[in-house]
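The listed protein sequences derive, respectively, from chains A and B.
So the first sequence is numbered by this note's numbering: it starts at 104 and just counts up by one.
So the second sequence is numbered by this note's numbering: it starts at 104 and just counts up by one.
It is worth saying that the hints were derived from the structure and are not from the lab.
Relax, there's no trap hidden among the hints.
Quick list of in silico lysine-lysine cross-link-like pairs, BS3-like style, CA-CA up to 25 angstroms:
| no. | chain 1 | residue 1 | chain 2 | residue 2 |
| --- | --- | --- | --- | --- |
| 1 | A | Lys-124 | B | Lys-206 |
| 2 | B | Lys-206 | B | Lys-124 |
| 3 | B | Lys-209 | A | Lys-110 |
| 4 | B | Lys-127 | A | Lys-186 |
| 5 | A | Lys-124 | B | Lys-124 |
| 6 | B | Lys-111 | B | Lys-186 |
| 7 | A | Lys-111 | B | Lys-206 |
| 8 | B | Lys-206 | B | Lys-186 |
| 9 | A | Lys-127 | B | Lys-127 |
| 10 | B | Lys-110 | A | Lys-209 |
| 11 | A | Lys-127 | A | Lys-209 |
| 12 | B | Lys-186 | B | Lys-110 |
| 13 | B | Lys-186 | A | Lys-186 |
Computed beta-carbon distance windows for the label pairs:
| no. | chain 1 | residue 1 | chain 2 | residue 2 | range |
| --- | --- | --- | --- | --- | --- |
| 14 | A | Lys-110 | B | Arg-219 | 23 to 29 angstroms |
| 15 | A | Gly-156 | B | Val-190 | 38 to 44 angstroms |
| 16 | B | Ile-220 | A | Glu-137 | 35 to 41 angstroms |
From chain B, some residues computed to sit far from chain A (all C-beta separations above 12 angstroms):
| no. | residue |
| --- | --- |
| 17 | Gly-114 |
| 18 | Ile-158 |
| 19 | His-160 |
| 20 | Asn-222 |
All residues carry an ideal CB built from backbone N, CA and C; glycine is no exception.
Number of protein chains: 2
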Amino acid sequence: MVQLDFKKGDGILPAIAQDYKSGKVLMLAYMNDEAYQLTLQTGEAHYWSRTRGEIWHKGETSGNIQVVREILVDCDHDAILLKVEQVGGAACHLGYESCFHNKIDKHGGETTIGERIFNPERIYKK
Amino acid sequence: MVQLDFKKGDGILPAIAQDYKSGKVLMLAYMNDEAYQLTLQTGEAHYWSRTRGEIWHKGETSGNIQVVREILVDCDHDAILLKVEQVGGAACHLGYESCFHNKIDKHGGETTIGERIFNPERIYKK
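Let's have the full structure, built from the sequences with the hints guiding it.
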C-alpha cells in the first residue's frame, strides 16, 4: 500500500486533475486522507475544500463529475495526479474547460484565454 | 498586473510544470513571490524549496533547467501552471522524465512506470 505524505501540508496534499485524453491540466485542488480513500473507492474525484472545510465530491452540484482513469503519485509521495474524464467538458466553476484559463505575460499582465462551456449562473442558480 | 494569492499557503502556492509539447505533467513544486518574480524575469523556472527553505533555480545542479514557454494562473489565483521545455528530458531528481512515475491501483497499491533517463548518482555525485 502506498503511504502518502499528508504531513507536509498539515493533513492535505495537492491533487492535479488532468484530462486523460487531451492532457490538458484542468484544475488543482487538495485531498485529505478521507478524500483520497473516497476517490479510490468510488472512482470519482473527491477533494477537501479548504474554504468550506469539508469533503467535496467534485460535480455534486453541477453534475460535472470527474471519472478517474488513472492515479499517479510523485516521487516524494506528497502530490497526486488524477487523469480524469471530465463529464460535461468543464472543470471550472466559472464555466471554462480548465481553471487555468488566465495567461500571464512576461511583464506580469493577465489575459483570459479559452471560452466558456457553460454559464455558471444557470448551473449554480446564483 | 496579476495579484497572486500567496496567503492561503502561508506565502507559497503550488506550481505545476508541464511539458509544453507532450502535455506530460512533470512535477509539482512551490513558489513564493520571489521565485515567481525570478521566473518572470529570467524565463527559467524558480521555486521555493520547502525542505531547504530557500529559492531553488530548477536545474542549477543537474543542468536540467526548465525554459518557461507559458505561464497560466487558475481562477482563484492560488495555483500556477508552467508550460516548460525541460532541458535534459528529465524533471525528476531520481532520473525519470516526470516525478509522477508511480501509478496507484484501485486497491491503493503502487507500481513504478516510466524509465530512468539519467542515473542520479552520476549527476548529483552522492
